[in-house]
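*Asks:* Chains as they are written, first to last, in the working numbering: chain Z, 1 to 447; chain H, 1 to 447.
Rather than coming from a laboratory, the hints here were simulated on the basis of the structure.
All values derive from a computational prediction rather than experimental measurement.
In silico DSS-like links for lysine-lysine, alpha-carbon gap of 30 angstroms or less:
no.: 1; chain 1: Z; residue 1: Lys223; chain 2: H; residue 2: Lys199
no.: 2; chain 1: Z; residue 1: Lys147; chain 2: H; residue 2: Lys259
no.: 3; chain 1: Z; residue 1: Lys354; chain 2: H; residue 2: Lys150
no.: 4; chain 1: H; residue 1: Lys199; chain 2: Z; residue 2: Lys199
no.: 5; chain 1: Z; residue 1: Lys223; chain 2: H; residue 2: Lys264
no.: 6; chain 1: H; residue 1: Lys150; chain 2: Z; residue 2: Lys310
no.: 7; chain 1: H; residue 1: Lys276; chain 2: Z; residue 2: Lys147
no.: 8; chain 1: H; residue 1: Lys223; chain 2: Z; residue 2: Lys199
no.: 9; chain 1: H; residue 1: Lys150; chain 2: Z; residue 2: Lys289
no.: 10; chain 1: Z; residue 1: Lys223; chain 2: H; residue 2: Lys219
no.: 11; chain 1: Z; residue 1: Lys147; chain 2: H; residue 2: Lys289
no.: 12; chain 1: Z; residue 1: Lys150; chain 2: H; residue 2: Lys354
no.: 13; chain 1: H; residue 1: Lys199; chain 2: Z; residue 2: Lys243
no.: 14; chain 1: H; residue 1: Lys147; chain 2: Z; residue 2: Lys276
no.: 15; chain 1: Z; residue 1: Lys150; chain 2: H; residue 2: Lys276
no.: 16; chain 1: H; residue 1: Lys199; chain 2: Z; residue 2: Lys264
2 protein chains.
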Amino acid sequence: MSKKKVAVIGAGPSGLAQLRAFQSAKQKGEDIPDVVCFEKQSDWGGLWNYTWRTGVDAAGEPCHGSMYRYLWSNGPKEGLEFADYTFDEHFGREIASYPPRAVLFDYIEGRVKKAGVRDWIRFNNVVRDVRYDDATGKFTVTARDTKADKETVEDYDHVIVATGHFSTPNVPHYPGFETFNGRILHAHDFRDAREFTDKDILILGTSYSAEDIGSQCWKYGCKSVTVAHRTAPMGYDWPDNWKEVPALVKVEGRTAHFKDGTTKDVDAIILCTGYKHHFPFLPDDLRLKTANRLAAADLYKGVVWNHNPKMFYLGMQDQWFTFNMFDAQAWWVRDCIMGKIALPDQATMEADPKAREAAEDALEDDYGCIKYQGDYVQELIDETDYPSFDVDAACQAFYEWKKHKKKNIMEFRNHGYTSPMTGKKAPPHHTPWKDAMDDSLESYLQT
Amino acid sequence: MSKKKVAVIGAGPSGLAQLRAFQSAKQKGEDIPDVVCFEKQSDWGGLWNYTWRTGVDAAGEPCHGSMYRYLWSNGPKEGLEFADYTFDEHFGREIASYPPRAVLFDYIEGRVKKAGVRDWIRFNNVVRDVRYDDATGKFTVTARDTKADKETVEDYDHVIVATGHFSTPNVPHYPGFETFNGRILHAHDFRDAREFTDKDILILGTSYSAEDIGSQCWKYGCKSVTVAHRTAPMGYDWPDNWKEVPALVKVEGRTAHFKDGTTKDVDAIILCTGYKHHFPFLPDDLRLKTANRLAAADLYKGVVWNHNPKMFYLGMQDQWFTFNMFDAQAWWVRDCIMGKIALPDQATMEADPKAREAAEDALEDDYGCIKYQGDYVQELIDETDYPSFDVDAACQAFYEWKKHKKKNIMEFRNHGYTSPMTGKKAPPHHTPWKDAMDDSLESYLQT
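Isolated chain Z (complex conformation):
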């Protein structure tokens, strides 16, 4: 029997986890399938591969990247550490807990360089279409190599979608946007906070993008930050030139009008209004439709596409856990494809996400959510050979992080946490976040 063929779509954190999962089995002498990874960017790393481009990329495809300059991890690295490749192993010593982008990119890359999986990836390859053929039991994957300007059409036994869900912005319209005399952009297109130095900015939204992009603009000297919320303010103890206001109603010229009748003249409007699960390359029968929640719809164990269990999705959940959750999923998917994990009957598979949804709905607060997702990670790694790690310690890092944010939103990144992998505590960073203007790897590693 010829080898199975597996297509992985995307070489970001989740796709790379999948390559590492297969390579890990190969390293142990197992007979793994042929794996081909399609990546539309010219390098790996997904969102962590920074681009100055916005809109469409050099090939005319929508820009994948939502990354901006000066971004530091907004959660402790102790929550996302790889169990098979610690920060300690990569950097040769303990580093501080909230690494900037370049440091995290270096870490992600370090593991897959060591694994030697780069030649499994077809860079500059956009997947255009995936179809499942009942007659052959295979998927036909159509992709375009944008550099060679050539199309490929190939059959695969399995398809793993690892394209992320923070690339396609959700962009609402408000009256007056069409005649606003400044810049309107979504967080997806935000690149350099210094563009907004001395500017009055309006942010719509109250989640991570709002909190972090507002903080960046504040750090790099914007004149004021106004954040409009539809349901509730974020409620942190913001700096003096930062105000939370009720929902935006309309814009006239440069004047924003809010629900409470107040107004504010602004230079730019930054829409931190979230992202969509968007799979333009998938037909109706293979396409995930889910809310951004911890229990994603229609996925058994959070990864198996119930309507065709030869297909998998990685990292489609809302996320507290990230890199090591993708690992847990990737190892599990690998074992499922390699026949080491058997799928139950259809009814059981369909009941699984429903039970997870019910359990999620019963959660009372963020602490419950963190524990819930930690338990999910534990459940998956218990069923594979992914190195077991102290998931509770990772949860603990998240709990402390939340408390540190509450205490001082502009200082939480000055804290250090204990690694769930090494048990060692991270040193504090050499410079408080608000004063550290240089986000380079060299600068960060001076601790």
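Model the placement of chain H on the given structure of chain Z, informed by the hints.
*Replies:* Just chain H now, kept in the frame of chain Z:
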């Protein structure tokens, strides 16, 4: 025999010309094919349908629009007038020669409203894929209705690509772009010149976008305009705060360095570096690859896809003539599909674009280019029942326009020209372009 089915992709100026061409035949009692027009936007008008959005649209698809606020036609309306629907007929009187966007949109819409073709169009429908099947002799068109979130797969006898070629930006990289501390945007994402009031802007490029976006920013009070050219300056008599400089070499922080060793600190860089012919929905065998030139490659008569003559492309040429050239093409394509025009043998078809290329290469200046494209329009309309018009008079309007620009680039829009359709001369606009800040239809029509 059942009716032929024709798919038109795009409901902008060229796609709408195609619908009007078929409707015109129907009106005369002819038996026309079933025509379905796929339009990814929610309204017709193509680029003339202004959107405040940049990057991706509400459905997560790349924004089609490159239109900006305050845009006035950069060529005289006498060069683009429809022969079957004059400005005089639409507005009930003569209007001035350089209408703003809203006025031209109204004019385009007026004709197709009168024709009653709106229900031939499937709005919010993105064509994902077109394949030709040798066995059936038909095209399979796969499209997604982004509003209904449903895919359709249908067969067509003919496909007419009318998606334009000013939607996918060509975006070059220069050293330092990744660390520039201001905004970098392509002309495609330019929306409101007032965003750049009091700013120093750098423009790369020397074609229409550079000239017009620079002029807009000047008109709406930017601090300075610096335009870098790779080959030659535009050479107009620019205002005092406008400078043409040699090619950009690199950017450091906010400082742009040019080839002659000079530098300029700038707040924004606007890339007026052109567009790509981009057809992500077409496989290799159906996909046009051409330079942006008057004689497009591989198209017999500038419209028939030589590698599969059941397929057509409209408006893929570089353009002096626009709306009425699309009409000439659309009428010709209609007659070809309806069997009124017979295609010659393959060798003749292939020789045609080559002969056109050779003739284009022999042209000496812009005046020659205008005449060349005028002759092409004349050639096509001579072979159909499109109302004949005084193409020479249209060329004359272009010649005068060029002279007026040369004389004073900030005043050329104050002139009026003679309609090739009615023979009447346009009145001057009530306010010089540089002082007319309101670009609304109501304001413009006060003349």
